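Asks: Chains as they are written, first to last, in our numbering: chain F, 767 to 993; chain W, 710 to 961; chain E, 754 to 983.
Which residues of chain W face chain F? A few of them, derived with a C-beta cut under 10 Å, are:
1. W794
2. Y854
3. A856
4. A860
5. D862
6. H869
7. I885
Honestly, the hints are just simulated from the structure, not real lab data. Please read all numbers here as calculations on a predicted model, not as lab measurements. Cβ atoms here follow ideal geometry from the backbone N, Cα and C, with glycine treated the same way.
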Amino acid sequence: MSATASPSLFGALFVRDLRLALRRRTEALLPIGFFVVAVALFPLGVGPEPQTLRQIAPGVIWVCALLAAMLSVSQLYSSDHADGTLEQLLMTGGSTTLIAAARAAAHWTLTGLPLVVAAPLFGLLFDLSATALRVLALTLLLGTPVLSLLGSLGAALTLGLRSASVLVILIVLPLSIPVLIFGSGAVAAVDAGQAAGPHLSLLGALLIVTALGVPPATAAALRISTE
Amino acid sequence: MSGQRLRFFTFAAPSRFYSLSGSLLPWLWAAAALLAAVGLYIGFFVAPTDAQQGESYRIIFIHVPAAWMSMIVYLAMAAWAAIGWIFNARMASMLARALAPSGMVFTLIALATGSFWGKPAWGTWWVWDARLTSELILLFLYVGYIALVEAIDDVRRADHAGALLAIVGAVNVPVIYFSVRWWNTLHQGATITMSAAPKMQSTMLVAMLLLTFAFWAYAFAVVFVRARAIVLEREHDAEWVRGLALATRKST
Amino acid sequence: MLSAVPTSRPSVESTFTFSEPHLAARGLACRRGTQLLFEKVDLALRPGELVWLRGRNGRGKTSLLRLVAGISTPEAGEVLLDGTPIAASDERSRRVVYLGHQHALKDDLTSAEALEFLLRIHGRPSDRASVLAALEHWGMLAHANAWVRRLSQGQRRRVALARLVGETHASLWLLDEPFDALDTDGVQRLNALLLQHLQRGGSVLLTGHQATLAPALPARELDLDDCAAA
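Okay, chain F solo, but in the shape it has when bound (with noise of 0.2 Å):
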């Protein structure tokens, strides 16, 4: 009976997510739908003149995207916070940055995910061409999983709280706009005719960082809301 490895404790929990969010579908792609939902209202709002479209596509999708992944990451922690499961995942002495990230990957491989997959549909809608739609995919690949990060982060530091999803979108948000905006500047420096190299490599940078820094932090929030 030896403590936990690592791997082991990061893939019990990560696949955990995984089954508990299968078993529950419909909920688990309410981000997407929100997403969805959300990108076809801008179209509306502004007109559908496929010059202005264009132009405002890389910026909404993006936008739409990060208000989606902060959807669920409220949740992140509140429901083992409530049946005691999170207490178990402290109790196991595995480190808890790890818990951390694997939660932040889980996340990630349920709403970041499936949004580099449909996004780029949507930005057909928005007559994107096809080396921008390429250059918004990538962006999103790096950029998602910093959303998802930074969104644990707020997740974790609200745990418990009344207003905890709302919270969580007020701190964050902020905390986004260097993605957002060298996300969507990528999409649009291709969209212009020049290169998205410089983009892509602070997103890269960002995600590294974003990496290494904020699961210990994570792990130093969960300290601090469940003492």
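Following the hints, position chains W and E against chain F.
Replies: Okay, now just chains W and E, sitting in the frame of chain F:
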């Protein structure tokens, strides 16, 4: 049932802070008033009219100090909150909480005055230039902090959660500023910057400095007042607070 | 102030009474909000010992249990597991089993899956055979593939307690209201498990309101009503 008073390891005992700040307050108010009066006089009456912007540029004497203070207060807030978290120092956490609303007010002043400056110069009430936009995001950071600490009932959890958020925010500020400047230069045609400030003559610099110090003194005064109120509220069970209340009741 | 008060139960001779304590807690104080719940609580769990934590509602029994488990940090005092502070101990997961008042069973998993997850994250044997054997010990084998949300409170308690079945060595059990919602049969099974555990040198700290412990169990009492902060 009344609980026993808690004995944290204190960076500075709340009672000592209370008496110290109490004696400093009159001086701080006086300094703020004096510096503000002189600074505003120089800025609005003595400093020469700008060739390009006329009289309207004078708003920067308020805008710039307010913007500086909003940044400094955020860093101070994050620093005190961090100290309160790491060393379990109650007083440090209380100072952080007291700093937040003032920081937010300075940010609002900076935004409003920036807006007043922009209107005569550019014809719009708002311009999305890098500095103003960063200031706006700073406002969001303040709002997020205040919303978080107000939402948590348990005082200690609120203090520590706020500390973590403030630190994360402080670390992010350079990133956010950089990304906003990047964003600003990306979009052609939006070559709007507020840095079209007039060349600073010595009188203007003097006015700016005086008003900056005035803001400092004012900030200290206001934060002390707020912190004292927080101290009284949190330490209401302590002997010295009860003694104070008794003495006040007797004198009225 | 007070340590564990002498029990009024008939004491049973234990061959382990003079061994070193597994777990020692000294001068524990606990905070709720801005008040102290209790302070200066001393506790020692020696091999073969069972300590029954008593006190009125709100006295901090669950809080004390969480402190002893190392989940929360005490306001004052320390908890040592074999000499090392428990929060820093590598042995905690291996040596301590903490069953909180809530079951930690997810509604959308089957009882077998939920139990398997808990066993697995704590490094216990979590293969299908072990899981089913544990469920069978508690008479829950028929419900192995039933959704947790369909189980009654008593049934969920049984599944949660099934974690204890696979414990074969002298670990420390920290149980928060383990008898809650159990019927007579369940109470008997738990008492049997506890006795078995104590006899192989394990120790138990549990909370509970009613006197459901079997008289045969050698129990000391620790009454938090006596340790309350002034």
